[in-house]
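Chains as they are written, first to last, in our numbering: chain F, 1 to 256; chain X, 1 to 446.
Rather than coming from a laboratory, the hints here were simulated on the basis of the structure. Where a beta carbon is used, it is the ideal one built from N, C-alpha and C, also for glycine. Do not rely on the hints blindly, as some may be mistaken.
[As the list claims (entries may be wrong)] With a straight-line cut-off of 25 Å between C-alpha atoms, the simulated SDA-like cross-links for lysine to any residue are: (1) X/Lys427 x F/Glu113; (2) X/Lys431 x F/Arg107; (3) F/Lys63 x X/Glu401; (4) F/Lys151 x X/Arg421; (5) F/Lys136 x X/Glu401; (6) X/Lys36 x X/Glu123; (7) F/Lys108 x X/Arg405.
[What the hints assert, rightly or not] Residues from chain X that face chain F, not an exhaustive set, calculated with beta carbons under 8 Å: (8) Glu44; (9) Asp45; (10) Gly46; (11) Phe319; (12) Phe392; (13) Leu394; (14) Gln395; (15) Thr396; (16) Arg397; (17) Ile399; (18) Asn400; (19) Glu401; (20) Ala403; (21) Leu407; (22) Ala411; (23) Ser414.
In case you want the letters, here they are:
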Amino acid sequence: MLEIRNLHAHVDGHEILKGINLTVNAGEVHSIMGPNGSGKSTLAQVLAGRDTYEVTEGEIIYKGQNILELSPDERACEGIFLAFQYPVEIPGVTTSYFLRAAVNAMRKHRGEEALDAMDFLKIIKEKAKLVKLDTKLLSRAINEGFSGGEKKRNEIFQMAVLEPTLAILDETDSGLDIDALKIVAEGVNTLRSKDRATIIVTHYQRLLDYIVPDFVHVLVDGKIAHSGGKELALELEAKGYAWISDDVNNGAAVAS
Amino acid sequence: MSVANMTKSKDTFLTHFEQLENQGSGAAAWLLPTRKAAFARFAEDGFPTTRDEDWRYTNVAPIAGGSFTRGCEVESKVTTKQIEPFLFTDDCMLLVCINGQYMSELSQLGEIPEGLVVCNLSEAAQSHSDIVEAHLARVASTKQAPLAALNTAMMDDGLFVYIKKGVTVTKPIHILFLTDADNGAVSTHPRNLIVAEASSQVSVVETYGTLSGKSHFTNAATEIIALDNAHVFHYRLQCESEDAYHVSTMQIHQHRDSQVHAFGMSLGSALVRNNIATVLDGPGGHCSLGGLYLVDGTQHVDNFLTVDHAKPNCTSREFFKGVLQGEGKGIFRGRIIVRKDAQKTDAVQTNRSLLLSDKAMVESKPQLEILADDVKCTHGATIGQINEDELFYLQTRGINEQAARSLLVFAFASECLSDVRIESLRKHLSKRLLTRLPHGELLGDS
Ligand SMILES: Nc1ncnc2c1ncn2[C@@H]1O[C@H](COP(=O)(O)OP(=O)(O)OP(=O)(O)O)[C@@H](O)[C@H]1O
Ligand SMILES: [Mg+2]
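Extracted from the complex, chain F is given alone in its bound form (with noise of 0.2 Å):
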């Protein structure tokens, strides 16, 4: 489904990613994990096509096909979702108003009628019962005044809604505490299909007991330094990531 190749992005003139290899199939999820400030979000926000990375080496094939010239609302309609580490607050568009926008949009892309307000409205009431979202959030305007999980589970909420292939979660769980975590975690597990992929970046093992991955890597400055199975995660928690930057600086990296 998705294939990473040499990856290099720059911000600024820093490189930021410096050679991503990773391969992604149908039905997998894999969990990235990694120091602070090795690259996790910058991948994340290269992969859902923000502009403001400069990618200046390699290539991402999604379902075949090189999408680096993709706009984001294009590779959202091919079915890439991010949940953005820091949901950003808009004032004055409420998220219900925002969603069907939305919805709408990647109908017209399917060359799909657009729904109206009464289908819409039964598809976000079951979606936000299966999230435990407060309906009345849905009027409001997006995140505005939102608390820390709030933002979260609302960002599962349009996951929920939007139904991707390839869903990317960036921290989704920071700052959860574990009935919210469990609330994610099943919202991920329901979307959890043959045809579907899932990319969870995370600092802690223990969403990982809720979604069991079936991969996992460590990015560490800008490259995958080690990748493994699901034990791989408890090993970072107990012992950190020290021990892979020293793989690092040794040439030891392992690519997936």
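Got chain F sorted already, so can you dock chain X with the ligands onto it with the hints?
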């Protein structure tokens, strides 16, 4: 402006005035001296130039130099169907003026509630001459206001509203001024008078639109008198053609504890100048003046406000927003006067602009003249651009860049609409706004 142009424009309107004088019956005979005095004033002052401080940023030379036919000289056959796009509800009292003339067959007043007089101004000048004479052209000064003087001299028909003491009118009153300039540029001078007696309440909507043709000149004036504890809600939509010239004067006089809420939206014409002035002439009064405008191409909108706190314990709120694209220009000038006696004045002025292009220009100038010492008076102006993080967020949800931009512009602009209390009107205004934005249809109704 060249001298030749000046002469020509004066000639144009002098001819218009002579025609009017000869017809004699424009409205009631008692009005003629008022018209004459106003015209003399206009003839003396002439059109303002950018050397006049109040008109520094707005050059009316295209109006002064234009040639216009008096609206009422132009025959126009308009059907109910043609006015439909300008209506926001069936549930209102509707008056329609085409090219400055009242059209009773297009108007629908329905059953007029007890304690309310609503009709066209020229009828009122006869049927309620006492009230009209007591107020008309008394509030809107012609001094240093040449366009207001021209309106008073030339005034066409318009709205007359009189609400008796203690009466609350629930149905909104809507007056529609439409111009049919199919056979060349016309000029109109709509004139409205609203008198709200003590403790009464009323909502009035004025819409200015173009039916056909492009360039025309509308020079409108509205006077509002709010007596003790009266509540007046006033809304104004200016959606004339992109080549139209529009000058408006709104003069409000507020007595003790009265409240006036006025909001206006300008969707862009070649040149728009709104003179809005209120005098808080009794303690405990409140006024809120709101405005929203959108300019594109080389359009120009100038909002010129004066809030005069003449008595103590009054509050005023000014909230104006502008969206500027292309080489559009937006001017905001807000004068707040706090007289010596006006202690405990609380005045807030806010002007926010969203610049969507490098070539657009905003000029925002507060002017505070505070003569009392115990007052709260704040003003703030911000100029912003589209936030790239917000744009990216919307795009990652499948909304294309242009639609996402429109959505953000709409969000910025529609904040102003939240104060519009008539729901059907709020929807109508937001629809009008959306049609002006690229991919507005994708955003649907809110
Ligand atoms: N505009 C910029 N100019 C220079 N450096 C930048 C810029 N934006 C990001 N960076 C740097 O890029 C690096 C990678 O940042 P990124 O947000 O991808 O890290 P991360 O792995 O997601 O970290 P965290 O775990 O804290 O979320 C950081 O060192 C950051 O300071
Ligand atoms: Mg990050």
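Going through the hints against the structure:
Simply put, X/Lys427 and F/Glu113 have alpha-carbon atoms about 24 Å apart, close enough for the 25 Å limit, and the pair holds. A C-alpha spacing of about 23 Å is found between X/Lys431 and F/Arg107, which places the hinted pair at or below 25 Å, so the restraint holds. Restraint check for F/Lys63 and X/Glu401: satisfied, since their Cα atoms lie roughly 23 Å apart, inside the 25 Å limit. With a CA separation close to 31 Å, the supplied pair F/Lys151 and X/Arg421 exceeds the 25 Å bound.
At most 25 Å may separate the alpha-carbon atoms for a hinted pair to count; F/Lys136 and X/Glu401 exceed this at roughly 28 Å. Pair hint X/Lys36 plus X/Glu123 holds up; C-alpha atoms about 20 Å apart against a cutoff of 25 Å. For the proposed pair F/Lys108 and X/Arg405, the alpha carbon gap of about 18 Å is at most 25 Å, so the pair holds. Contact between X/Glu44 and chain F, as hinted, is not supported at the beta carbon level, the nearest pair being about 48 Å apart and thus beyond 8 Å.
The interface hint given for X/Asp45 is violated, since its Cβ lies 43 Å from the closest Cβ of chain F, which is over the 8 Å cut-off. At about 44 Å, the closest approach between the beta carbon of X/Gly46 and any beta carbon in chain F exceeds 8 Å, and the interface hint on this residue is violated. With its C-beta approaching chain F no nearer than about 14 Å, X/Phe319 sits outside the 8 Å limit, and its interface hint is violated. A least Cβ separation of about 6 Å between X/Phe392 and chain F falls short of the 8 Å threshold, and the interface hint therefore holds.
The beta carbon of X/Leu394 is positioned within 8 Å of a beta carbon in chain F (closest approach about 7 Å), and the interface hint is therefore held. Taking 8 Å as the C-beta contact cut-off toward chain F, the hint placing X/Gln395 at the interface holds, the least distance being around 4 Å. Here the hint on X/Thr396 is kept, as its CB sits about 5 Å from the closest CB of chain F, short of 8 Å. Because the closest C-beta pair between X/Arg397 and chain F is about 4 Å apart, less than 8 Å, the hint holds.
Taking 8 Å as the C-beta cut-off, the interface hint given for X/Ile399 holds, the closest approach to chain F being about 5 Å. Taken as an interface hint, X/Asn400 checks out: its beta carbon lies about 5 Å from the nearest beta carbon of chain F, inside 8 Å. Checking X/Glu401 against chain F by beta carbon gives a least distance of about 7 Å; that is within 8 Å, so the hint holds. Because the closest C-beta pair between X/Ala403 and chain F is about 7 Å apart, less than 8 Å, the hint holds.
Interface hint status for X/Leu407: upheld, as the beta-carbon distance to the closest one in chain F is roughly 6 Å, under 8 Å. Of the supplied interface hints, the one on X/Ala411 holds, with its beta-carbon coming within about 3 Å of a beta-carbon of chain F, less than 8 Å. For X/Ser414, the interface hint holds, since its Cβ comes within 8 Å of a Cβ in chain F; the closest pair sits about 6 Å apart.
Going through the hint list in order, the structure does not satisfy hints 4, 5, 8, 9, 10 and 11.
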